[in-house]
Structures are given as C-alpha cells and as structure tokens.
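> Going by this note's numbering, the sequence shown opens with residue 96, and the numbers climb by one from there.
These aren't lab readings, by the way, just hints derived from the structure by calculation. Since the model is a prediction, treat every value here as computed from it, not as a measurement. Glycine residues also receive a C-beta, built at the ideal position from the N, C-alpha and C atoms. Hints may be right or wrong, so weigh each one.
With a straight-line Cα cutoff of 25 angstroms, these simulated SDA-like cross-link-like pairs (lysine to any residue) come out [what the hints assert, rightly or not]:
#1 233 <-> 212
#2 237 <-> 164
#3 164 <-> 394
#4 289 <-> 394
#5 237 <-> 387
#6 161 <-> 394
#7 329 <-> 415
#8 415 <-> 581
#9 198 <-> 184
#10 584 <-> 517
Computed beta-carbon distance windows for the label pairs [said to hold, decoys possible]:
#11 426 <-> 388: 19 to 27 angstroms
#12 237 <-> 518: 16 to 24 angstroms
#13 266 <-> 429: 39 to 47 angstroms
#14 237 <-> 261: 24 to 32 angstroms
#15 598 <-> 365: 51 to 59 angstroms
#16 598 <-> 429: 20 to 28 angstroms
#17 250 <-> 425: 43 to 51 angstroms
#18 427 <-> 247: 44 to 52 angstroms
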Amino acid sequence: MKNRYPLLAVIAIIVSISLWNTCFESPLSSRQLEAKIPSQGNARQPNAAMLSSASSLHDGSKHLAKIAKLATPSVVHIQCERQTPRGAVEETGSGVIVRGEGKPGLYIVTNRHVVRDSNGSAISIQLHDGRVINPTHKWEDKDTDLAILKIDVTDVTPADWGDSDKLDIGHMVLAMGSPFGLSESVTLGIISAKGRRSLQLGSGSEVLNQNFLQTDAAINPGNSGGPLIDLEGKIIGINTAIASNSGGNDGIGFSIPSKLVQHVFTQLLKYGQVYRAYLGVQLDPEFSIGTATRLNMDRVRGARVVKVISNTPASRANLKYDDIILSFGGIDVLDQNHLINLVSLTPIEHRVSVVLLRDGRKVNVMVELANRRILDELERKQRESQQSSRRFGTSAEPMSFHKIKHTSTTEDLAGLEVQPMNADLAAQLGFAQGQAGLLVLSVDEQSSFSGVVDLYDVIEEVAGSPVHSLQDFRQALDQHRDLKSLVLKISRGKPGAVQQQLVIWQR
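Whenever a hint applies, use it, and build me the whole structure from the sequences.
Here it is, written out as structure tokens:
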C-alpha cells in the first residue's frame, strides 16, 4: 500500500503527456500517422483502411477543386431584358465560352429561352473578371432550345468540348452557372440517366430534339445555359431544365448532351440555321403493348408508323402504315423520340439502312433523307390555305389554346367539330395531362355522329389508328373508305373518373 500513491502519480503524468501530444501537436500527414501506429496484425487493419480512405477523399477533393478552378473562368452570367405585352421582363441565366468550329473568334453557348426576343444591348454578359459586355450577333435554334452569342473579346478563357457519348450512368459531373443570380456557383453530382425524352418543358416549349442527360447535381433557376463539366474539366452538356415540385432543385436536372450541342453549334455558325433531315412519317406516340401484340411483337420497341406522307423519303422507300422501325443506320430504335433525334442528326441526302418489322417479318430498306425545311414549308402553306378558307382567323403562340373551328370537305365529317387535345384542356376537363386525341366540341343532330359521340368526348383512335388532328381523322377514313362501319376508341370524361370505350360509327 505504501507504493500506491507514487504509482498513481506516474500514471497521471504519462496520461497528461499523451493528451498534450494528441491535442496540440501539428497535424500529421496520413503517411506520418501510419508510421506512428505500430503494426499489430489484423487488430490495426481498420485504422489503416480508414486512413487510406481519408487520403483518397482528400486527393479527390483537391482534384474537384482543380476542375472548378480550370472551368470557372469560361462560365458567364447572362442578364436579358425583353418586352412583352405586359411590360419589360428580365431573364437571367448562364453560358459558357467556347471556340468557333473553323471560325475565328469566341462564342458563348446558352439556352434560347434565356435570350429569346432580345438582341444587342438588351443582353448583358458578365465575365469572370467582372467585365460586362454585349454580344455582336446571335443565332437561335428553337428545336433544341440552344442559342449562340458572338463576342468580340479575346482575352478570356474558352472551355473545351467533351464527348457525351462516352458518359456512363454513375459518372461524376459538375454543374456550373449562376443559380438565383449567384455567379460562379459549382455543384457536384452524377449522371443519373441518359436519353431522357418526351419531357414537358413548360408552356410554349418548342423543343423537338430531346435526348437529355439526367443529373442530380443541383440545377436551379439561373443555371440554364451553364455547362455540365466532366472530371477532365470539359463540357459534356448544357444545363436546361429541372423536374421539381417545389420550383427549386429536387435532385432531377436535365442537360443537353455535348454531341447534340456541337452539331447545332457547327450548323448555326456555318449556315445560320440548322439543317435537319426527315423521313416523312407520322409516328404513334401511344405505342402500347396491345398494339405490339397485334403486330406479333413480344414487347414494345421501335417506332410505329401511322402515316406516310406522299412525295417524301419514306414514301419513295415504300414505308407503310403499321411498319415498325426497329433500326436506323445500324442503331436500335428505342421509341419515336429516339428515332426523331437519330434522323435529325443525320446529314441531308444521306442514304441510311432502315430495318422494319412488317407483317411479322423483318424488312431492310434504304432511305435517302431530305431537308426537313421542305416539309415544314409544305405544312406552312397547307395551314395558310386552311386559315384563308375560314371565316375567322386567330394568331396564336405555339401550344397555346385557341378555339379554331375546322370545316371539312369530307361529307363523313359534316356536323362534327373537334379540337386537338392539349395539357390545358385536359386539366380543365378532368383528363390526364398526357391525354391525346380530338376533343368533341359540338355534334349536329343531323350528323352521322349524333348518338355515337357526345360533347367533351375525346376521340383517340379511328379503326385502330391514333388521331391527333383533323388531318389524321381524314387519313384514317381514306384508308378504310370501303368500310361502312368503323370502330372509334373514345375517352369519356366524368366527374372523378374517365372511362374508355369502343363505339361503332355507321358512316
């Protein structure tokens, strides 16, 4: 017992020295710390693993910081003012500086919706060093929601393009831009999905070519037009939209892949517009397993042809109603929007091998693509001709609802007034947002449709063919002109419930 207190004093001194070294010594590197820990077999393995992990995280963090430092000088903040019937509207967004493809000077890539309806001094570009400049020229492409701005400064740092085709789901990316006006913001995430299509991008959206990258890197209002950067500091996408219930970031953002951006960029600089190829077919947006089974398919794949326009590449290649386009140029077709993107990115007058499923058999045809603007011009002239034949005409913004009465020269359709469905109409009438077809606005008592369809019915199919316009309706009638009875698929809206049913129409 006599030696008890001196022993306790010695132990206390040792513990004090140990605590002093732990709390007040300068931090050690992971290697120095590993050297201080003696090797005692498996008992020390967890500590070594944690040290290795911490070192890897530290190295990864430094690498991300280098990427952000490399790319940030190329990112700009854009402020745009445009006039509307309600007064001036200010739009803010982001952009990224790039080199011209075979053209001198530097350019900024951004979203069209950021700078639309504005030019010159109405578009202010804030550079990384704080300077504010105006573009000298602007090009737009509404089908991809992209815009190119020419700038006359040269003492800035352009970013390099990356290859979006080499991205895999899970690859880490950085989203850069000016969310809520906070310039030079950087967020980290991964590629969550590829090939996102058929997105509803808001009222008035005209985006045709949809092939988005999905990311969980935070994208918020103001990020539009900013770059999505890979771990080499290269542009692999242009941030465009978010899916959100709150209006802010919910972890689902969408970027236009760099391959599509570069194609549009090159076309705009070279021609001032984007030349797109086309087939000349109308595809089934509601291609279902029921239709696939009828066509001897075990699942829904490819794109179903429901209309072939005369004097087009498709008609010259003898494509037919109910053909399923399985492959285009050696690439398996996933759905109708995938096919639209494949076609539009193919050079005009290029001959492409197309694999079809027809009557249960695969058929290979060669199609020589043509310029889509020829088809657009034909459709424009047809619309003008139809409008000039009406008693009243109404100018309308795309995708907005205006009541337009259609008069038919087809005796079968006499007494029936219809309107193509859209999201606004569907919401008001209790239908699902994606409801497609023709909304019945009125039925004359003397019409052959009286007692068959009712007011507010939606005609979805005629004889198994989807109808989205009066022209579709007429074509379906022409294809079955020898039949006196046709089956109509309709959706009938009722409070709290929508019912689908088949009705027989006697012509």
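> Against this structure, judge whether each hint is valid.
How the hints compare with the structure:
{"no.": "1", "hint": "233 <-> 212", "verdict": "11 angstroms, holds"}
{"no.": "2", "hint": "237 <-> 164", "verdict": "32 angstroms, violated"}
{"no.": "3", "hint": "164 <-> 394", "verdict": "48 angstroms, violated"}
{"no.": "4", "hint": "289 <-> 394", "verdict": "21 angstroms, holds"}
{"no.": "5", "hint": "237 <-> 387", "verdict": "33 angstroms, violated"}
{"no.": "6", "hint": "161 <-> 394", "verdict": "47 angstroms, violated"}
{"no.": "7", "hint": "329 <-> 415", "verdict": "44 angstroms, violated"}
{"no.": "8", "hint": "415 <-> 581", "verdict": "21 angstroms, holds"}
{"no.": "9", "hint": "198 <-> 184", "verdict": "33 angstroms, violated"}
{"no.": "10", "hint": "584 <-> 517", "verdict": "18 angstroms, holds"}
{"no.": "11", "hint": "426 <-> 388: 19 to 27 angstroms", "verdict": "25 angstroms, holds"}
{"no.": "12", "hint": "237 <-> 518: 16 to 24 angstroms", "verdict": "19 angstroms, holds"}
{"no.": "13", "hint": "266 <-> 429: 39 to 47 angstroms", "verdict": "21 angstroms, violated"}
{"no.": "14", "hint": "237 <-> 261: 24 to 32 angstroms", "verdict": "28 angstroms, holds"}
{"no.": "15", "hint": "598 <-> 365: 51 to 59 angstroms", "verdict": "53 angstroms, holds"}
{"no.": "16", "hint": "598 <-> 429: 20 to 28 angstroms", "verdict": "34 angstroms, violated"}
{"no.": "17", "hint": "250 <-> 425: 43 to 51 angstroms", "verdict": "45 angstroms, holds"}
{"no.": "18", "hint": "427 <-> 247: 44 to 52 angstroms", "verdict": "46 angstroms, holds"}
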